[in-house]
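S.K.: Given chain A, work out where chain B should sit, using these hints.
Protein chains: 2
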Amino acid sequence: MVQQTPVTPRGPGRPRREISMGDVADAAAALFNEGGYEALSIESVAERLTVSRATLYRTVPTKEHLLGIVLDWYTSDLSSRVEEHLAKVSNPSEALEGLIRIQVDAAIRTKDYFAVLVGGAGVQSDAYRRWQKWSRRHERMWRGTVERAISAGVLVESDPEVATRLVLGMALWVSRWYRESEGYTAEEIAETAVNLIVHRH
Amino acid sequence: MVQQTPVTPRGPGRPRREISMGDVADAAAALFNEGGYEALSIESVAERLTVSRATLYRTVPTKEHLLGIVLDWYTSDLSSRVEEHLAKVSNPSEALEGLIRIQVDAAIRTKDYFAVLVGGAGVQSDAYRRWQKWSRRHERMWRGTVERAISAGVLVESDPEVATRLVLGMALWVSRWYRESEGYTAEEIAETAVNLIVHRH
Chain A
222 MVQQTPVTPR
232 GPGRPRREIS
242 MGDVADAAAA
252 LFNEGGYEAL
262 SIESVAERLT
272 VSRATLYRTV
282 PTKEHLLGIV
292 LDWYTSDLSS
302 RVEEHLAKVS
312 NPSEALEGLI
322 RIQVDAAIRT
332 KDYFAVLVGG
342 AGVQSDAYRR
352 WQKWSRRHER
362 MWRGTVERAI
372 SAGVLVESDP
382 EVATRLVLGM
392 ALWVSRWYRE
402 SEGYTAEEIA
412 ETAVNLIVHR
422 H
Chain B
222 MVQQTPVTPR
232 GPGRPRREIS
242 MGDVADAAAA
252 LFNEGGYEAL
262 SIESVAERLT
272 VSRATLYRTV
282 PTKEHLLGIV
292 LDWYTSDLSS
302 RVEEHLAKVS
312 NPSEALEGLI
322 RIQVDAAIRT
332 KDYFAVLVGG
342 AGVQSDAYRR
352 WQKWSRRHER
362 MWRGTVERAI
372 SAGVLVESDP
382 EVATRLVLGM
392 ALWVSRWYRE
402 SEGYTAEEIA
412 ETAVNLIVHR
422 H
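Chains A and B, in that order, give the protein sequences.
Under my numbering, the letters of the first sequence match residues 222 to 422, in that order.
Under my numbering, the letters of the second sequence match residues 222 to 422, in that order.
One chain only, chain A, in its complex shape (with noise of 0.2 Å):
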């Protein structure tokens, strides 16, 4: 998922001078899934890409933007994984537990952003208005999904709207309380909210 642009070759002691935000994205992204948000900093962006900090500080000036440019990078990671799952499958009941399961996982892998992101702080203030934004589109997306599910019968008769804020809610807390020392997987976790809300036919 995380790939490392090529860099044109340079001698030795001649540092880059030039950073795409392709690069950054791609560095920081890595950066924040090995160690989460405190392994996320200028410095640790500025070693993987082996550029000098005041090269990257060109492009990056603040933790925020970094921040942000993960977060763009966590949300179009995760608008692509649910569009190639619902172009890949057309039973309802499959679509609405794929979209749980990628929600789980991605609610997992971002556990240490949960907290910046819902209260609002330490994110530039232009990403936290994309990432509101994309919440929009995404919630959309699935509430396509939720009402096929209750067409269906696969989820009980109710309100799609309200149904799915609660099944999205339930996925998204899992950030809140997911600890990986109890032992409990992505697959297990996304597997028992399936099972408590779809109606398998």
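These are calculated hints, taken from the structure and not from any lab test.
There may be inaccurate statements among the hints.
Any copy will do: because identical chains look the same in the list, a pair fits if it lies in one copy or spans two.
[Claimed, not checked] With a Cα cut of at most 25 Å, we get these calculated SDA-like pairs of lysine to any residue: (1) Lys309 x Thr271; (2) Lys309 x Trp355; (3) Lys309 x Ala260; (4) Lys354 x Ile329; (5) Lys354 x Glu401; (6) Lys354 x Arg400; (7) Lys332 x Ser379; (8) Lys354 x Ala267; (9) Lys309 x Asp347; (10) Lys354 x Glu264; (11) Lys332 x Lys354.
M.R.: Same frame as chain A, but now just chain B:
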């Protein structure tokens, strides 16, 4: 729920010099319920209690302390409601349904406080630790009800720990998305949550 503690009569022009924590909690909770997080300040509490700010500052030096007091009030109120409910019903389905209703109602009433709590910021750290401790007790109590619901076939067969957190999360997350302007009532939302997961007999 919020009661005015009787105040010893005093002549005009003689401001109160002594206030109890109970008075402060009632006033702060009432302000918080009426106007949310924004309505809560040392000034507004002092005004409601008809004491000088200087007097209140002696008992409650900062807004963080006020938040801590509201938090303690909220958790003990929620615990009381849950205990009363569980003492009243013996049917496992009614027990679980009532917990969901109480939790959704609490989620809506405290929605302005949610980001503050989840973000873990803005709360006096002692109060935050007390809240975390309370949360664990609250979750254990929920878990007992979930276990009985699973045994009775009211909830689908599942890991009770994971099922508890998923159902609790579904209710807690209502804090995040509830908007009065959308016209859904706490009862409608709780009813949808109950329908999604509870198998009534």
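S.K.: Could you work out which of the previously given hints the structure breaks and list their numbers from low to high?
M.R.: 1, 3, 8, 9 and 10
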